[in-house]
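K.L.:
Those protein sequences? They're chains A and B, same order as listed. Heads up: the first sequence begins at 11 in our numbering, then just goes up one per residue. Heads up: the second sequence begins at 11 in our numbering, then just goes up one per residue.
Honestly, I wouldn't trust all of these hints.
Intra- or inter-copy, both count: the list cannot distinguish identical chains.
Stated by the list, open to error - Subject to a maximum C-alpha distance of 27 Å in a straight line, what follows is the list of computed DSS-like cross-link-like pairs (lysine-lysine):
(1) 174 - 221
(2) 57 - 42
(3) 227 - 51
(4) 42 - 173
(5) 205 - 42
(6) 221 - 51
Source of the hints: derived by calculation from the structure; they are not laboratory data. Because the structure is a prediction, the values reported are computed rather than measured.
There are 2 protein chains.
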Amino acid sequence: MTACALRAIAAADYVIGNASYLDPLEPLLTGKNIIRSSMGKEIERAKQAIDLARSSAVALVSGGDAGVYGMAGIVLEVLEHAGADINIEVIPGVTAANAAASRLGSPLSGDFAVISLSDLLTPLEIIEQRLDAVFSTGIPVVLYNPKSRGRPHNFSLAMEHAKKYLDTGTPVAIVRNALRDGEEVIVTTLGEIEKVTEAVDMHTTVIVGGKESRVWKMGDEIRGIITPRGYHNKYVY
Amino acid sequence: MTACALRAIAAADYVIGNASYLDPLEPLLTGKNIIRSSMGKEIERAKQAIDLARSSAVALVSGGDAGVYGMAGIVLEVLEHAGADINIEVIPGVTAANAAASRLGSPLSGDFAVISLSDLLTPLEIIEQRLDAVFSTGIPVVLYNPKSRGRPHNFSLAMEHAKKYLDTGTPVAIVRNALRDGEEVIVTTLGEIEKVTEAVDMHTTVIVGGKESRVWKMGDEIRGIITPRGYHNKYVY
């Protein structure tokens with residue numbers, strides 16, 4: 011969490027968010043009005059936040075970065091429809107792509123793409139077109155919501171798309187609870203990924219390396235993934 | 011900057027980074043050994059950090075997220091070559107994509123791609139292939155290093171690729187110094203972008219909206235860009 015986000019919470023009369031995000035903030039919440047929301051009902055939460063913001067300072071807390079599969083867009087849309095003239099600020103955070111990447115070393119050193127495998131709001135056909143396009147470029151791809159509740163097969167489908175363009179030796183990592191309690195990291199390859207797909211669920215982020223990515227080892231120990239930035243083409247070290 | 015990064019700097023004996031990143035940290039640096047580096051010479055900086063880290067705690071500071079066009083990958087590569095067994099941690103940050111997006115509302119609400127237009131380390135031909143692939147998907151695209159020093163025309167070239175796949179009404183934003191002194195935001199469209207390309211330089215991040223992105227207005231005032239997440243297809247609000 012950024013210092014900027016901490017200041018915004020300190021200045022708020024109301025703090026709204028999922029219990030899993032609010033519980034770690036407990037020491038900061040003394041004397042504030044707390045509204046614990048559950049998964050889903052995003053529209054209702056946005057409406058409630060806007061109603062309260064007409065007369066109070068409200069902090070709506072998302073995990074990661076509120077602007078990436080978070081509440082920012084929904085709140086702005088509801089605000090537009092309400093026609094309310096409320097002072098609103100989106101405070102950026104560390105999105106799961108960067109949090110997961112940091113646990114692996116440097117898999118996203120250069121260009122990359124972020125694709126959600128949830129087909130709740132995007133048709134699967136569109137998701138598959140996007141996967142084909144981004145995997146074809148050979149840049150690393152970060153998969154959010156790698157297993158949707160109702161669609162356990164989207165992940166394996168995504169791996170099939172990846173295999174059309176990338177070698178079986180391409181590194182793939184599964185990161186659970188990056189920088190949180192219960193952090194877990196699995197580093198494998200595209201050729202071996204089917205052996206560990208059970209480790210993939212809603213609480214994980216998956217990074218599929220690109221054409222230039224390789225497993226990062228210290229001695230015999232697998233530590234993560236490095237995607238070189240191309241300095242090795244220009245410099246000797 | 012995250013609380014985690016602040017703690018790492020507090021625990022460091024040596025702090026290394028560009029002056030522009032270290033100057034705002036001045037109050038945290040009392041009593042520490044400071045090494046101010048200049049742009050370029052990344053390999054030398056990585057080597058120096060690793061040498062010092064054999065016997066001291068070293069914090070190497072990057073802007074944004076060290077894992078995205080930052081120092082993380084270079085340090086790990088140099089560490090591998092040196093064969094040194096040093097305890098290293100990559101601490102994630104807010105990368106320019108998320109910082110710039112936050113100043114615009116919510117342009118990256120869902121899938122997106124990050125592409126650098128610098129051809130210092132990646133051939134222009136490869137960059138163009140990547141641009142074609144990601145623009146063809148209709149997801150928002152974040153352009154880092156939108157104008158390279160030696161190649162002022164890469165940005166206009168990128169806009170030509172975008173126009174092959176996106177309407178001229180597609181919103182495009184130029185964000186300078188997001189969340190820093192001298193912050194400046196310009197929101198325009200793909201059809202009008204050529205009128206403001208002089209505002210694009212090394213200190214800006216450019217976000218090209220996707221097929222579903224639209225300009226975000228409050229009354230008559232242009233505030234930024236919204237990329238809806240698709241809730242409007244499922245819910246009424």
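K.L.:
Each hint: holds or not?
P.N.:
So, going through the hints one by one against the coordinates:
no.	hint	in the structure
1	174 - 221	both (12 Å within a copy, 26 Å between copies)
2	57 - 42	within (20 Å within a copy, 48 Å between copies)
3	227 - 51	between (44 Å within a copy, 25 Å between copies)
4	42 - 173	neither (51 Å within a copy, 49 Å between copies)
5	205 - 42	neither (47 Å within a copy, 48 Å between copies)
6	221 - 51	between (40 Å within a copy, 26 Å between copies)
Hint check: violations occur at hints 4, 5; the rest are consistent with the structure.
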